[in-house]
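Enquirer: Take a look at the letters that make up each chain.
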Amino acid sequence: MYPKILFSILLSMQLLQAGEYAIISNKSIRTLSKSQIKAIYLKKLTIIDDKKIIPINLDSRNILREKFNKEFLHISLTKLKTYWIKQHYLGHRPPLSFKSQKSVKKFIEQVDASIGYIELKNINKNLSIVYKWSD
Amino acid sequence: MYKILIILLLGFYLHAQDKYELGNGVQISSYPIYLGGYFSVDYRNMNNENRYRLDDVALLSYGNYDKFSYMAEVEYKQLYIKTYTQDTSFSSSDTNLYLERLYADYNYNENYMFRVGKYNSPIGFWNLLPINVLRDTTSFPYIIKNIFPDFTTGLNLSYTSFENDEIKINVMLQHNEDLDDNYNNYKIDAHYGFGILYEKEQYSLKLNAGYFNRADTQDILKNRNYILLSGKYETEKFQLMSELGYQSSKNKTTTPYSSYIQGSYRFRPKHLGVLRVESYKNRLTNIKDSLAIFGYTYRPIYPISFKSEYQFHSIKRENKALISLSVMF
Amino acid sequence: MFDFFQKSLRNKLLLTFIFIGFLPFVTLLVYTIFLSETKIANKIINEQFLKTDTINRRIINKVKALKKEVDFLASLDVMDEILADDIDKKISRLLIQKSKDLSLNNSFIIVNKQDIVIAASKKKDLLKKIKIKDITQNKHEIYIKGKTLFIRNKINATFAKQQNIGYIMFKYSLNNFNIYLTNELNKNSYIFNPKNKLFIGKEKDFILKFNKDHDSIISDKHLIVYKKMEKIFKNWYIVYSVKKDVALEFLYDFIRFMLYISIPIILLIIYVSIKYAKGIVRPIEELTYITDSITNTQNYSAKLSINSKDEIATLSNSFNDMLKTTSSALAKLEEENELRLKRFIQLTEVFNTIIQTKSEEECINTSMQQIKLLTGESELSFVQKKLTDTTKPNLPLYTTVILGLEKYDDENEQKFYNSIGAMITLQLDKIRLMDKTISASHAKSAFISNMSHELRTPLNAIIGSSQYMITYEELSDEQQDTMSNIESSAHYLLKMINEILDIAKIEAGKMETHFEKTDILKLITSTYNMLQPLANDKSLIFEIETNDFENKLYDTDPKMFQQVVINLVSNAIKFTEAGNVHIKLFNEKNTIFVKVQDSGIGISQDDIKQLFNDFTQVENIMQKKHKGTGLGLSLSKKIAHLLNGDVNIESKGLNKGTTTIFTIKV
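Chains as they are written, first to last, in this note's numbering: chain Y, 129 to 263; chain W, 11 to 339; chain H, 5 to 670.
With the rest of the complex left out, here is chain Y (with noise of 0.2 Å):
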């Protein structure tokens, strides 16, 4: 338990900096604008480029989810569990979320017309930029 307080505190204080961020995809998806990447998120928007769209968060106790979530979303996570109850009376499901940025990569490089958020710095080779933002 201590070593993952200890991670967890290193990384957020790493992302504590200023940091570059990305959306990201396996070159499978062109650029999107925020809006669409917002009603991507929110499975408002399921198809893009004739393809079903599959959005990946981090955990929600990821820091950098919270960013996406400001930079994006403008939901709190409380609003946004609600807005998720309220999807679920609609039929849509919440999108995926995955624990690590690694897992992150791991998943977009395999699924087409994935996208998700890491750090520009852990980008690959394998993955595209479908939109970047920093704060």
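Derived from the structure by calculation, the hints contain no laboratory data. Yeah, the Cβ is synthetic: ideal placement off N, Cα and C, and Gly gets one too. Careful: at least some of the hints might be erroneous.
As the list claims (entries may be wrong) - Simulated pairs of lysine-lysine, DSS-like, Cα-Cα distance not exceeding 27 Å: (1) Y:162 <-> W:77; (2) W:210 <-> Y:180; (3) H:137 <-> H:68.
Unchecked claim - Simulated DEER-style distance windows between Cβ atoms: (4) H:141 <-> Y:156: 24 to 34 Å; (5) Y:198 <-> W:62: 39 to 49 Å; (6) W:41 <-> H:141: 23 to 33 Å; (7) Y:188 <-> W:173: 23 to 33 Å; (8) W:291 <-> Y:188: 42 to 52 Å; (9) W:237 <-> Y:249: 23 to 33 Å.
Using the hints provided, position chains W and H relative to the given structure of chain Y.
Expert: Coordinates of chains W and H only, in the frame set by chain Y:
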């Protein structure tokens, strides 16, 4: 038939799930089925009459496959009502299972979606999330039940654009009778409507207009036209919502106006206060009423809500107190 | 043998009770000993089959549950992490947890599309390369290989259900199913695959041949049952065995118990049966005893006393009643009997009295008197009827006496009086007859003595005269012959008259015997001597034999004796022309025999019969030569009778001689 369906689905449901969260439903193994459900119980005091009611007990299932997705919802409505007046009490029970929603969507592309089936008419803001657990007060604003048909059975085309802000246009087409029209506020056999929604950040604006034909009556006023204007402003803690509607029939106005304005404030994460002021006039029933509703909602977690409200009417006898509990699975 | 029962009610009852008592017990015992073992064994075998079914069911259900678990895991949202190669180890952690939850001896692996194990419950399986092709080789999702159960399922993306992203494979050691098996001292179950000889559980030391789908075996120590399992376990058999003596322990205990208890029960049954049989029969026996004693003692006034209140008592009461009735009836009968006997005696006495009356008058008077006394009737009437029998006019008249009352009570009484009347009549007749006979007898005697004298006197004169004349010397020979003739004829006539008179005397019963001590030998000898000249005249051999005679004095009438002997011997000499005449005198016991044998003309058998009749002389050749009155033998016989003896003749036939035997008893 519905009962068997419900039992089957319940069977799947009871197949327990790890890390189940209330309000998020369950997935059924490898099939594109998600299950959920909800129920609500409420209490009303009006005119020295106490009414206890088990209102909705519903099971919904949905899923998607490639570009298709579907929704099916069955529900017991007014499952059990017990009313106590001064000297007597009577109870009623409706154990029929109703089909609340049944539709399939096809997402043609980023913008276009095509729906067929029975669905909540995407008119205004309230009607999209009409169930107790998801709405702000136990009671519906008058406008919801008296201007447009709550359910449309037919086709729906929508165009959405996400370029900068969201714009959504949809068209409703019903040229047939309702599918299970028992709890439709208007039993219709035709509905043509359209709506335009514009969302930007915290603001939403919607316009709906349409025509529907009542199937349960032969009088001259069975054809109705309506028009509705809705607006919403929402922040993290505060929401302001207002709708104004008008309905007429063959150049004769049935409802010259019906409107409300509602403000709700989340003063604590789990606590919500609501104030709504409504006013309407109905030429058909010759009723004109204005009311103010004070409501309070407590949600220990979002899918569980305890609501209470009190309505002050200009028509005194309409004053009522309402308390309800509802849960979403 | 059956008499034993037929004759004894007690034995019948005893037997019945014993039978009734024994029957259920023996039936149960026989059943328990002979039939129940098989039945119980079969029952146990059925139970064992049920148990194997239960085991089978449990195992199949467990497999189903495991499949559900695997399916469930495959459907979880978290499986999407396969696409991220489970870098965050979410899936692995889940698998480890699940593996721990399920049991020991199992493992999960998740293989992605690149044939890499990206998540596993066992660290060593991680990142192994396993071809999906190999995993999906077996077309069944659940199968058994060796001693491992394999369950797999494909995993699809939750967001795109049609997209397969990997496979989950679950390995479960069959040894885990040990929990469904039992391995106790007395019962044991295990699962066996005859194809690869693998087994789950603890194998027992008996060897089975799995010929059928299911079967039961009763070995000497065990009850074994095996059954083929179903579905994925279809090559496996469940074997369930139970130690026979433990399984049948209850039965054996029970049998032992039954046998132990059988002796006391038998004794009890017999005791109770005897007691009750006796008890039931006792009143009957008492009844019998009393009736016997009554029969023996003829004491009909006895009574039965029975203590019970049942049918026997009723019987004895009826019997008592009957006894009473019989007793009183007998008493009455005896009374009547006595009365009758008395009457009878009286009547007989009356008759006696009447019979002894000697005159008619006495008879009648006595009769009436007696009858009056007897019957107590004072009103008797007496009627004499004279009967004439016209067919025999010379016979006396009889009178009939009819006794009668003025009126009669009944027919029997009339008959009674009629009989008495008849009796009296008879008596009267008898009296008259007797009178007649007596007077006749008197007349006869008088005649005889008169005649005797009258006849003899002239004859004697004739004889005397003729004898004088014979001695007269001046007679011529012819005259002398004539005189001799007259004399001999007169002698002969006298002799005959004597004989006739003797016979008459004897007939009239007037001949008296004078018994005295007689020297029989002397008598015979003198007779012999007397008759010798007669024999010599004919040149006969005349002999006498007296050797066998006990010479002593005997009581008899000598004159008569001699008369008879003389008659017999003279007859013998008369009727023998030549030859011999033999006299033998002997005695045998208390009888004296005088046997006179001659070789004379003999007599035929027919004639012997007639010989003793009066006046019979057998007609024969000798007739003319012989003169005789013919009374000789008859008289001899009658005299012999008077002397307590008899005369008999034997002859072998004509010309064969004659033997006369004169016997007297002394």
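Enquirer: Going back to the hint list, which numbers does this structure go against?
Expert: Checked against the structure, the only hint that fails is number 9, while the rest are satisfied.
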